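Assemble the complex: chain L is given as a structure, and chain D must be docked to it using the hints.
2 protein chains.
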Amino acid sequence: MEATLVVQKYGGTSVADVAKIKNVAKRVLEAKKKIDHVVVVVSALGDTTDQLAGLACQITKSPPEREMDMLLSTGEQVSMALLAMALKEMGQEAVSMTGQQVEILTDTGHTRAKIRHVGARRVIQELRKGKVVVVAGFQGVSSEGEITTLGRGGSDTTAVALAAALHADYCEICTDVEGVFTADPRIAPDAHKIDRISFEEMLEMAATGAKVLQSRSVEYARNYNVPLYVRSSFNEAPGTWVKSEGEIMERPIISAVTHDFSEAKVTVIGVPDKPGAAADLFGSLADANVNIDMIIQNVSDHARTDISFTVSKEDLQKVKEVSEKLVGSIGADGISYDDKIARITLVGAGMRTHPGIAAGMFKTLADNKINIEMISTSPIKISCVVGMEDGETAVRELHKYFNL
Amino acid sequence: MEATLVVQKYGGTSVADVAKIKNVAKRVLEAKKKIDHVVVVVSALGDTTDQLAGLACQITKSPPEREMDMLLSTGEQVSMALLAMALKEMGQEAVSMTGQQVEILTDTGHTRAKIRHVGARRVIQELRKGKVVVVAGFQGVSSEGEITTLGRGGSDTTAVALAAALHADYCEICTDVEGVFTADPRIAPDAHKIDRISFEEMLEMAATGAKVLQSRSVEYARNYNVPLYVRSSFNEAPGTWVKSEGEIMERPIISAVTHDFSEAKVTVIGVPDKPGAAADLFGSLADANVNIDMIIQNVSDHARTDISFTVSKEDLQKVKEVSEKLVGSIGADGISYDDKIARITLVGAGMRTHPGIAAGMFKTLADNKINIEMISTSPIKISCVVGMEDGETAVRELHKYFNL
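Those sequence lines, one after another, are chains L and D. Anchor point for the first sequence: position 49 equals 49 in the working numbering, and the numbering is continuous, going up by one each time. Anchor point for the second sequence: position 22 equals 22 in the working numbering, and the numbering is continuous, going up by one each time.
For the record, the hints were derived by calculation from the structure and aren't laboratory data. Predicted model, so just to flag it, every value in this text is computed and none were measured. Heads up, the beta-carbon is just placed ideally off N, CA and C, and yes, glycines get one too.
Here are some of the chain L residues that sit facing chain D, going by a computed Cβ distance under 10 Å: (1) LYS22; (2) THR60; (3) LYS61; (4) ASP69; (5) THR74; (6) GLY75; (7) VAL78; (8) ALA84; (9) LYS88; (10) GLU89; (11) ARG122; (12) GLU146.
Straight line, CA to CA, 20 Å or less: simulated PhoX-like cross-link-like pairs of lysine-lysine: (13) D:LYS318 x D:LYS61; (14) L:LYS340 x L:LYS318; (15) D:LYS61 x L:LYS20; (16) L:LYS61 x D:LYS20; (17) D:LYS400 x D:LYS193; (18) L:LYS369 x L:LYS400; (19) L:LYS20 x L:LYS32; (20) D:LYS61 x L:LYS26; (21) D:LYS61 x L:LYS22; (22) D:LYS22 x L:LYS61; (23) L:LYS313 x L:LYS340; (24) L:LYS61 x D:LYS26.
Same shape as in the complex, but just chain L (with noise of 0.2 Å):
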């Protein structure tokens, strides 16, 4: 693709020690040749962030968020130094930039902070003298001058942001996997690349399972029509253009099976049939800062129902801490957990107008005698909680019988 201002992203696979920070530099250098402009974005080294919050958790159960950030936003100025270092020692003028620098103005939510607004005026500047711009991930300012990190995954959003304020052509996304793929290869060993795929789709993924781009990014990306273009930090291969709908021609009625291991299935029983208990439990839980995923609840014809809902492993505990409490005040009759299920998800645009994709599902799943135990759908997915056992069969099967 022809481009004028690229934003390109290296995750902390790319950048993990002196050898890919290099690499790195190659690879930025030879996009500079061909690009006018290149803003590069960069998460810490490795596993950085995981070992400073590892000193953290030495020091106090609970640190508080302010500090975190304080702690953890020197990863990403690390590493955008180190690869400042090495383009100029390859002869590329450059400069780094932290995320004050830089103007990405966030609210207050510490160790989550959503991006407000991104000045990028000295960016410009930097620009214009032909200097690579690199670019602390991950981190913002506040309105209160504090420092700011924007959760997981964080260096992508702040590349689609910045690309979004640059009126980049596109964002690329630099990591250890060549590009968006049709499953897990390592569970569907025919699994392939995908060359094209929407925004909505892309977000149906990444919110059931696929690991390659965060939700958050995807979203910016979506909303401020920045096309997202995924590909390997150590090979050439062609990677996956994400892009809205309209700019992708042919399509493929699914895209894609995911899959998520990571959840917990809980069910309130016997709730009583009236206004206001799934409110009361519901909003109870987003209090305790809870993310729910899945919630079914079935008509039933006593005055009492279930209330199943998925949530992740991490946050089991919080809920039912939570949900106990709340199991006698809204005069429900128990509860229930479980932690060995499997998300099974099949993601595509072509759903909306192909009736069936449903039906066979659920006979694929049933031909392998997998037991479905909760259905979740929308225009673009269809997701089935299975057991864990069945994960990978489901995954494997559905990706043969739709010919993915």
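Just chain D, lined up with the frame of chain L:
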């Protein structure tokens, strides 16, 4: 000493790991019980700064200084966040601040920036709320909004500058030794801790090899009359006060013997005895950013003279390159180098009024068959350059002779 506001500084060895950071937090808490307002300045954990510099050196032999500052300033940011967490965990409200947030405004001399102004408005606000303020040492921000660092020992300078700006009662330098000693105890086993010493003497000691404080921070303390209290981070033993001379009542003639084995001697032989020769030589060395220490030129009865000077061994290669070019142009006969020297110095404010100290020093060296290669004096010190192999004996014998 009664106090309402104290700045404490903890060096890298005092915050080398999580256990040591917790120890520092305990000491800060103890101080906070007795003192209304406590500000803490921290260095990077252990040898973090060297490790980061090592990464840069793997990338380029001459890292751009601006990027070096970006890189190195992360070290202090990590320790300040961890210490603030440790204080909160112990129930003490605390907030960490970067050089920028503290408004440590510097010039643009990256890697060796000079402090121009300390704002500290937010420090005062936070102190008023009863918080301990933890400040990243070694770093500042330039008028261009760039992160700068203050060079070797910069955290001491941060602490003293902050103490001056806040009108602190004193600045406590907490380190891995118990104070300032009459000589290095590893060389002179009967060396003992000095209770009080003047800024001027401390300056001479720092300039002639005492490692405990950096010259710059002592100079800053003298200029703003900030008393320094040097003590151990690891025990409760009383330390050394460094104050203005007027405040020190009883004072020995000689305060300490210092040594410096890190220098080399350069002699330019047969320099024509005419105006401008020395100016050419030292002008060129200054242009090459070489710090010259002692300079000795003897009056000669011929038309030619020898000029000797000492430089840090680290700079010797640069000196060779610069000087050898100059030998021809200034018409000197040649140049010689000696990197096996030791500089031994007697420091004492009482010298001013006690003649005969120099004679005693020369006699002691002569009695021990130690040849003196160079001599340099100031009102409160006498330095002799001797052969490196005689250095330790010289320290020991002088310490004994002057009854330190």
